[in-house]
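Please work from the sequences and hints to get the whole structure.
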Amino acid sequence: MTSADDTGPADPGVLWAATPTRRRGPKPRHSLDGIAEAAIEIADAEGLDAVTMQRVAASLGTTKMALYRYLPGRADLDAVMLDRALGAPPSPSDERWDEALTAWTGALFARALERPWSVELAQRPHTPGPQELVWYETGLAATDGLPLTAGERLDLLALLSGHALSLVRQQAGTGAAEEELAAGVAAVLTMHAGRFPRTSAVFADAGRGAQRDDALRFGVRRILAGIAALVAERTA
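The sequence shown runs -4 to 231 under the numbering used here.
Because the hints were derived from the structure by calculation, they are not lab data. These numbers were taken from a predicted model, which means no experiment stands behind them. Cβ coordinates follow ideal geometry from the N, Cα and C atoms, glycine included. Treat the hints with care, as some may be off.
Unchecked claim - Have a look at the derived ranges for each label pair, beta carbon to beta carbon:
1. Gly56 x Ala145: 45 to 51 angstroms
2. Phe191 x Glu32: 55 to 61 angstroms
3. Trp11 x Glu147: 24 to 30 angstroms
4. Arg190 x Gln126: 30 to 36 angstroms
5. Met186 x Ala145: 48 to 54 angstroms
6. Ala145 x Tyr63: 48 to 54 angstroms
7. Gly221 x Ala61: 40 to 46 angstroms
If you want it as structure tokens, here you go:
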């Protein structure tokens, strides 16, 4: 989503402002939330590439220059859109650390799948907003008490979130869920089973009893099993 709207990194003061800055002059016609909602509606309907300051301004019945009263540049709009799209994470619970992280990853996957365009924003260098850091705080809370270094705790969240978001990108790129993708491959392999015997056999077997998000669950379990083994090793 590169365009003439890009003006550099986001201003943290915009994203983190507790209340809108009051300025002299007429009462503002718009709000940061209203602008973000308009941009999100465009992204939901047409994708991230359709979102420009000019397009957002037109949807609000104003001019592009008028939006700069609320947002210094495009990076600020992206940051606000991402934070609104993320929303709040699941509340911390008394579950075991692995159960809590499984729920955390599943919630992130579900949230991103609702708005796949948010994955692109999340994986770019950006200024983190309040909601994004609440996600971090909740995920890190699940690792309290584990014999992991600070870097390892962050790496664990990066592994889990990276796995979830990569699957969202895969599904969003095709517009199909995991089982639909597998069905498409299986249809081709049915006609060429003799040429690709191993691939055909594996897809045929995997398709029996497969459920949506199997790849998500499998990856999360393996990541957490590795961490559990490390914890056991360090506490032996």
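Structure-based check of all given hints:
no.: 1; hint: Gly56 x Ala145: 45 to 51 angstroms; result: holds (48 angstroms)
no.: 2; hint: Phe191 x Glu32: 55 to 61 angstroms; result: violated (48 angstroms)
no.: 3; hint: Trp11 x Glu147: 24 to 30 angstroms; result: holds (28 angstroms)
no.: 4; hint: Arg190 x Gln126: 30 to 36 angstroms; result: violated (49 angstroms)
no.: 5; hint: Met186 x Ala145: 48 to 54 angstroms; result: holds (53 angstroms)
no.: 6; hint: Ala145 x Tyr63: 48 to 54 angstroms; result: violated (39 angstroms)
no.: 7; hint: Gly221 x Ala61: 40 to 46 angstroms; result: violated (52 angstroms)
The structure is inconsistent with the numbered hints 2, 4, 6, 7, although it conforms to all the rest.
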